[in-house]
Amino acid sequence: MERTTIDLWVGVFVALGVAALLGLAMKVGNLTTSSVGETYTVNAAFENIGGLKPRAPVKSAGVVVGRVERIRFDTETYEAIVSLNIDKRFSFPTDTFANIYTAGLLGEQYIGLEAGGEIEALAHGDKIAHTQDAVVLEKMISQFLYNKASEPAAPAAAAPAPAESTKTGDDALTTNPLDDILN
Amino acid sequence: MIRLLQNIGSNTIDQIWRLGAGARLFGLTLISSAESIRRPRLVTKEVYATGVLSLVIISVSAFFVGMVLALQGYHTLQKYGSSEAIGVLVALALVRELGPVVTALLFAGRAGTAITAEIGLMKATEQLSAMEMMAVSPISRVVAPRFWAGVIALPLLAALFSMIGILGGYLVAVPLIGVDEGAFWSQMQANVDWQFDIVNGVIKSVVFGVACTMIALFEGYDAPPTAEGVSRATTRTVVTSSLAVLALDFALTSFMII
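Residue numbers (the numbering used here), protein chains in the order written: chain W, 1 to 183; chain U, 1 to 258.
Derived by calculation from the structure, the hints in this document are not laboratory data. Careful, some of the hints might be misleading.
[Unchecked claim] Pair by pair, the computed Cβ-Cβ distance ranges are:
| no. | chain 1 | residue 1 | chain 2 | residue 2 | range |
| --- | --- | --- | --- | --- | --- |
| 1 | W | K53 | U | R39 | 45 to 51 Å |
| 2 | U | H75 | W | A19 | 28 to 34 Å |
| 3 | W | A61 | U | Q195 | 24 to 30 Å |
[Unchecked claim] Calculated Cβ distances over 12 Å to all of chain W for the following chain U residues:
| no. | residue |
| --- | --- |
| 4 | T12 |
| 5 | L77 |
| 6 | V174 |
Cβ coordinates follow ideal geometry from the N, Cα and C atoms, glycine included.
Isolated chain U, as found in the complex:
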């Protein structure tokens, strides 16, 4: 019984400690971003690793998500005789919610885990300590470029996700089901707003980019320098990022809707 209480207490303290340490790492990263701006090549390399290599999984899943949305939406909308609204449904669902959220979840699985494992292994093999010995700050040399790469890559991936998803929805709705093409696009254009839908979607994906990348970086930086520690840190990255994305999505949406 006392053991249980002890466990709860130490876990809570541990979580709060990790939250504080994560926030401190975030601040340090922002402060030591100067080198990333001075040497953009560092960031480019990481954009390649996080963004370009995620293109395939993002575009394929976007295509299927769009197609499923169109199929499901048509099935329900045609009961009310408004199957032309399928374009609005697909576009709004993707631009407002699914684009940023699903991209962030896939990004956490595809790129976040890679970041955590890489940094965790760098720490386990004492590469980070070696950098410090050479008076190279590992935060400005390793952490900051990855952070900015994630913040740049995620909004672009989310925009691609929405666009490819809409194309997938179009392919199912127009050639396959036979919804009128003009109505599909014109209803979409009449009801999707630049400011309230698209810009808000981009804001969401930027916030998710900061959250996902920062969680992945912190888990890697904080991982115990053992094989088991790195593997557990990688798992935690996916779990924490997913929860953070979904919770942030609710918070951001409640700000944006009102």
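Same shape as in the complex, but just chain W:
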């Protein structure tokens, strides 16, 4: 088969086009970190996930360690079951905390994992026991108003119930590991 300069140019053109596609995939679309690399799946149940969406990042200490794979609704417990794909390179203890945070004031929502103290690590298919729901702004405001209204009447009775879903992440972190040790 004889070769012509036209073939050369067509070859250059096709190579450029494929290189541009690869460039889009790697440099722009970030294909390298999202789908390459093995993952394991854990589930977490939330009473309210707010605006969390599939493919939202899962972060620990601010580093992306995985993605939300899918979200479904459990009709028996009336909770949202969120499946998280976590990179195999990162292992978390079984008493890890899963919280739903918001990036910035109005940004997208993501799941933050806070490692606990257990030695055993979460395996594929495990369920994260300790979760904290998304902050719903309306709920927070009504809570605040309610607290304000009841403040002068009974300051001692304002102590929060142990399993209330609106307490802050710091609170939850300090109380729950202690509970585990006591039990």
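Given chain W, put chain U in place with the hints provided.
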């Protein structure tokens, strides 16, 4: 008054006839593509004519489109204090919409007209009839290789358009305006999705490739064998392709967004 009604009626019938004939030519082209696969040299030659020769206009316009996007985007985004999102804006606009659509419009103007004029002239000078006399099917020898060349060339050109446009946007945003380089790329990578943005863009450009090339081929094949007929067919190629691309873009986007 009756004349007007007659005109409307005959034009409508003519358009419907052309639509049917175009669809028939499309089917015939697909059926007689075997020769293009057996003799890839035929397709290569046409990829050179439609793809390689369009490289200059595609890359230059992509560069300017990217630069304008970055300038305009920065102007608006900085009012909200989120000028780092400029990378996302440029990349999403190019990969999702502007890349496939503007490439298809330029392709219709640059390569589609050439195809129509070439085939129309082949018909006017009775080269197509001569082929038929020699028992060579003009559809498998002339039409099908051009069709496949267009379908191959347009997605590649669209990918190049997006990439060069992003580089143009980068050049304006980072060295010229002074947006942080790390934020430019990392925000882009965090928000552009391989499946939903890039693959959908490629699907769009393949569909546009089929539409633009097929319209150009049909107009050429259908052109009256006169100088005036060929010139009118060439004009119609640009008008019909552009309208088809924009309408198809809306339809495809509405499928993809949901």
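Hints, one by one, checked against the model:
Here the CB-CB span from K53 (chain W) to R39 (chain U) is close to 50 Å, well matched to the stated 45 to 51 Å. At about 32 Å, the CB distance of H75 (chain U) to A19 (chain W) agrees with the hint of 28 to 34 Å. At roughly 28 Å, the beta-carbon separation of A61 (chain W) and Q195 (chain U) lies within the given 24 to 30 Å, and the hint holds. At roughly 41 Å from the closest C-beta of chain W, the C-beta of T12 (chain U) stays outside 12 Å, upholding its exclusion from the interface.
The claim that L77 (chain U) lies off the interface holds: its Cβ sits roughly 15 Å from the closest Cβ of chain W, which is beyond the 12 Å cut-off. Against chain W, the non-interface label of V174 (chain U) holds: every CB pair exceeds 12 Å, the least being about 14 Å.
Checked against the numbered hints given earlier, the structure satisfies every one of them.
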